Each structure stands twice: as C-alpha cells, then as structure tokens.
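J.: Below, each chain spelled out in residue letters.
Protein chains: 2
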Amino acid sequence: MPEVNSKAEYLIGVDLGGTKILAGVFTNSLKCLSRAKTSTKAERGPAAVIERIARCAQDAADECDIDLKQVRGLGIGSPGAIDPENGRVIFAGNLGWKDIPLKRELEKRLDLPVFLQNDCNVCTLGVHEVELEARPRNMVGVFLGTGIGGGLILEGKLFTGFNRTAGEVGHMVLEVNGPKCTCGNRGCWEALASRSALFRQIQDAVHDGQKTVLCDMLGNDLKDLRSGDLRKAIRQGDKFVAHIVEEAAKYTGIAIANLINILSPEAVVVGGGVMDALESEMMPVVIETAREHAFPGSDKGVKILASKLGDDAGITGAAVLARRETK
Amino acid sequence: MPEVNSKAEYLIGVDLGGTKILAGVFTNSLKCLSRAKTSTKAERGPAAVIERIARCAQDAADECDIDLKQVRGLGIGSPGAIDPENGRVIFAGNLGWKDIPLKRELEKRLDLPVFLQNDCNVCTLGVHEVELEARPRNMVGVFLGTGIGGGLILEGKLFTGFNRTAGEVGHMVLEVNGPKCTCGNRGCWEALASRSALFRQIQDAVHDGQKTVLCDMLGNDLKDLRSGDLRKAIRQGDKFVAHIVEEAAKYTGIAIANLINILSPEAVVVGGGVMDALESEMMPVVIETAREHAFPGSDKGVKILASKLGDDAGITGAAVLARRETK
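Protein chains in written order, with numbering that gives the first Met the number 0: chain F, 0 to 326; chain L, 0 to 326.
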C-alpha cells in the first residue's frame, strides 16, 4: 500500500455502482469541493471499469485544481460481498465480478492509499458522520434502490460481523410465502419494496389490463420507467400507483420495526433512490407502521428519518472511510 | 450498593421466572455447587416475590454449606423490560410488575451486591461464557419458551442498544398477515413458534375435530399440556403434532436466517424449554431452513446449535453477570 502522506489534506470518495461511477473530492472536514461522474460500462470487464474509476477520481481532483499528491486517501464503496482487509470484491452480481483485487489495482494506478467497503456500509458511514454528526452510538442505515441494503453503526463503529456481511437487511423475510426474490427465497423485504419490486408489480398489473397514467406518460411497455415517474403519477391522482407505493412503505415500516426490536438503535435512517424520489409519499407511512409494529418501549426516543444526502451518500461515506483509515 | 468483598470466592445466579425461581451457587470458575428452586407466587405481589428470591438464594447457599458473606455478588435475570444501571424492572407482564427496584430490595435483604439484567440476555451470557467458552466474538442466543426472546453478544460484549431492548427477536414479523400475537401485531415469530403458539394451534385444531394421541394421553381438553408431551406424541407417530412442530421449526429457521443476514454472527445458539423438549425433532429442520434462507456467503462457517444448558442457562448466565460486574 502506498504510504499515507500525512501532510496531504484532501480525501477522495468514490461510489461504484452497476451503471455509474461517482467521485468527489472532500476537505478533511468533509466539505465536498468537486464531483465527477462517468458510466460504469461493466460489460467491458473489471480492468476497464477500474481504469474508469481511476479516471473519474482524477477528473474530480482536476475539477477543483488539486493534484493527487495532495490527497491523503481514497475510499470506495462497491456493491456486493467485500473483503475490506484485503481490499477485494469477493462477488458483485451486478458488475459480474468475482474476487477482484480492487484496492491493489487502484493503488497501482493512482499511487494513493485506497480503502474498500460495501456500498451500503459506506453510505451508512456517510449518513452517520455527516448527516447525524456522529451523535448516535447505535444507528441503522437502510437504502431502497434497485435492491435493498443496509449498514450498522454499533457502539460508534461500523459493525460488519463474523463474515463481514452484517447489514444485509434486504433479504430479511417478511412474508414467508411472499413474492419470489432474486436470492431464491420468497417474501424478502427486497422482493416487496425495492425499485425492482415496485416496477415488477406495476408492469405485471399493466400486463393484466390495469390502467395507469404511467402508460400515458411512457407508453404501454413502460420502457424507461423511473422512481420519479411514480411520484408524478401519484401527484396526478393515480390511485393504483399510490396503492403500490403505500404497500411498499408499509413493508418498509415493518422491516424497520424488526430492526428496532433486534438492535435497539437510536436512529434509523432511510435513503436510496426510491426514498429520494418518493420521500413525502412513503415516509409518513413508513414511520407510522414502524411505530405500530415496534415492541412497546423499544422505539421510545428512536428517530426514524429520511436521509437528505441523496446521491452524495456514497461519495461522502467513502470520504469518511478514507478519513477514518488515514487518521 | 453493598461493597464487593473481593476475598469472597463464590457467586450466586438467580433465574426469576413467571412460575418458578431458580438459584445456584457457583465457584469463580463457574462450577455449580448447589441449586435451589421455589415457586414464584407472583399473585402475592412484588414484596412477597422478592422475599422468596432472597430465601431461594439463601437455600442454595445453605445447601452447599456456604455463608452469604463468602459470596462476591448475585446476578439475577428477570423477564420484561429492565433498567440494568438502576437495577429496576421497568415492566414485566407475566409478573404483573411495573417499576420495581429489585436490585435495591434484594441488596437490603441479602447485604450483597446485586446485578440485574433481562432473562434472555442473562441466558445468552451463560451460553456464551460457559457453553462456547467465550470464543465467538459475535453470537446470537434465542430462547423458545412460553414466548420467544433473545440476546446479542457483539464484539465480545452483551449488546443492549439505545433503549436496552436489543435482542427482542420474538416480535420480528415473519408473516405480515399471520396469526395474532400478544403484542398486538400479526405474524411475529413468537406467534408462530413459541410454546403458546404451538399449544394454541393444537387446541384450536382439536376443537375443530382434529384427532391426536395427545387427547388419549391428556383428555380432550388437553389440560396440563407440556412441550414434552409433543415429543411423546411425535414418537408415537402422531403426524398432526409432527407437522405443527415442523412448521414451527421452519419459521424458527427463517427467523435465524434473518438474524444471520442482519448481524453476521459466528454462532446462533437456540435454547429454551421448547427446544430442550424437542431438540431432535426441531433442530435438523431449523438448521436446514436457516441455511436455505441465509444470503449466500453470510452463513459460511456459522454454527447453528442447540444449547445443552437447559434449565441451568439462567442461573449460569446470572453467575456470569455477577462475575463480570465484580471483577
């Protein structure tokens, strides 16, 4: 690993996603100075993607007139199963990666210390440190996007457990005979309330003859459907879409109650693209359902809130990771 | 609080239950020297129960010829919501207690330092320290009895979280529209797999005309039904009872998979009266179902096992608590 240059005052945070890569340059007090974005192009294979990550980080540095020599460390959040000690992506389905030495390869290209973690863990770090100012000793972050993931801060630290997989909350079964999930089981939270679940329910219903303003907006095949379209449809009075989103919010509330019962956190923060697009539609239902289902006493004083970091959660958390590791 | 007599070499562990009180005297290396048992008589009110706890502890000491002056501390596990710092039972439904200063009252009677924790947390401490020799840094204990509860050991320590209620696993919803639970919700693990859930399902079915050897054994009203009777019925080939128990084992496996996904523990240990009576009937199904439902990779190397401590889990864990607190 390249040595930490303790005089270097900047941090880079990278959010590696299945479709896009985001990079941000941060000061040591976690102020974001610049951002860069590029498509992932996972189909070109790991070497090409790693090259794109390096270029995206350089673009972000260049944007705010900083040389990489002034950067103390780079944090990166990756989807999938991660080995943080060895800096390897063990498995990431949406990238098609298996055992990729991401840390080593990026360090070679950038001559910077690189620190790797799972993307939802990284987002949780960002929410905890920047949004909640590191105040709650115990916090759960959950992220509703294409899938559903989460991260745990316990006793002030990121908790990853024995297999480093703690926080894999999306595959919590909420309905034993519920809809099929990509993981092979039935009734996982992810199969009930992720973007994929919402879109599948809508597309199946439209296929069966359900009317919705979404078809007026996008055509009957609902090509290019996005979370924001659901918000637009609901605001145009589409009761069908409103019902689907409300059900997803109820399941999310129940999942959060389960997490409160199991972990007794001080705060549960909900983020991700679905929540960013549908916060005002979903959060009241999420909170009400979670409070109804939490065991009496266990949710007393517990904050349940939507993250305001939006797309910045990943790069911010990755910068937090780099700061923690280079202290 | 009475001062810790550091020369005193013994510990007392007490298990306060809704129907019975158990006490045990332990050496500092957690060998049990004697046990005592008495009925709780909760209907007589808190003062009478506290008197009975004190007498039970004295009986256990007397049994192995020890004077209370030779005891360094007394640990006690109580059902319900506990405030360990102040030694109060905030609320315990099955005792009918509300805000009882159990620690202070027992210290007054016994002139010994007393340490209080929730009963399932105490059992988890006992399993971790004595049965697993404190090896796993991260462990979940779950206990199937009249209700279902649990405890968490995270990074080597008992984890209780923000409201001290962590490990309230029995009210994890597994089936959104499942059977009604005593907590007011539907489809909690406890409503699907506790002793009460098993007995209710059997009694409802018998009421609807289901035939079972349990009626030959106990009469049609199934008065005095016990977990051990289910084992006897299954061994006599009663397919109806076998099916009910198998379903409960499946739900338990799914709940354990959820806990593995969320917490990534190294070991999950299952105890409690239902498991003590039905281990060989339930555990193979529990393990198979948990492994099927755990997210790929997250259960790698994770031990899922039945506790062998049986009725001793509570007193042993309470002695562990007393040892930790008087070190």
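If you are wondering where the hints come from, they were derived from the structure by calculation, not from laboratory data. Remember, predicted model here, so these are calculated numbers, not experimental data. Among the hints, erroneous ones may be present.
Treat identical chains as interchangeable: a pair holds within one or across any two.
Said to hold, decoys possible - Straight-line distance between alpha carbons at most 30 Å, and here's what the computed DSSO-like set of lysine-lysine pairs gives:
1) K210 x K238
2) K97 x K299
3) K238 x K156
4) K299 x K156
5) K299 x K179
J.: Now tell me if each hint is right for this structure.
T.: Taking the hints in turn, this is what the structure says about them:
no., hint, in the structure
1, K210 x K238, "within (10 Å within a copy, 48 Å between copies)"
2, K97 x K299, "between (43 Å within a copy, 17 Å between copies)"
3, K238 x K156, "neither (43 Å within a copy, 49 Å between copies)"
4, K299 x K156, "both (22 Å within a copy, 23 Å between copies)"
5, K299 x K179, "between (34 Å within a copy, 23 Å between copies)"
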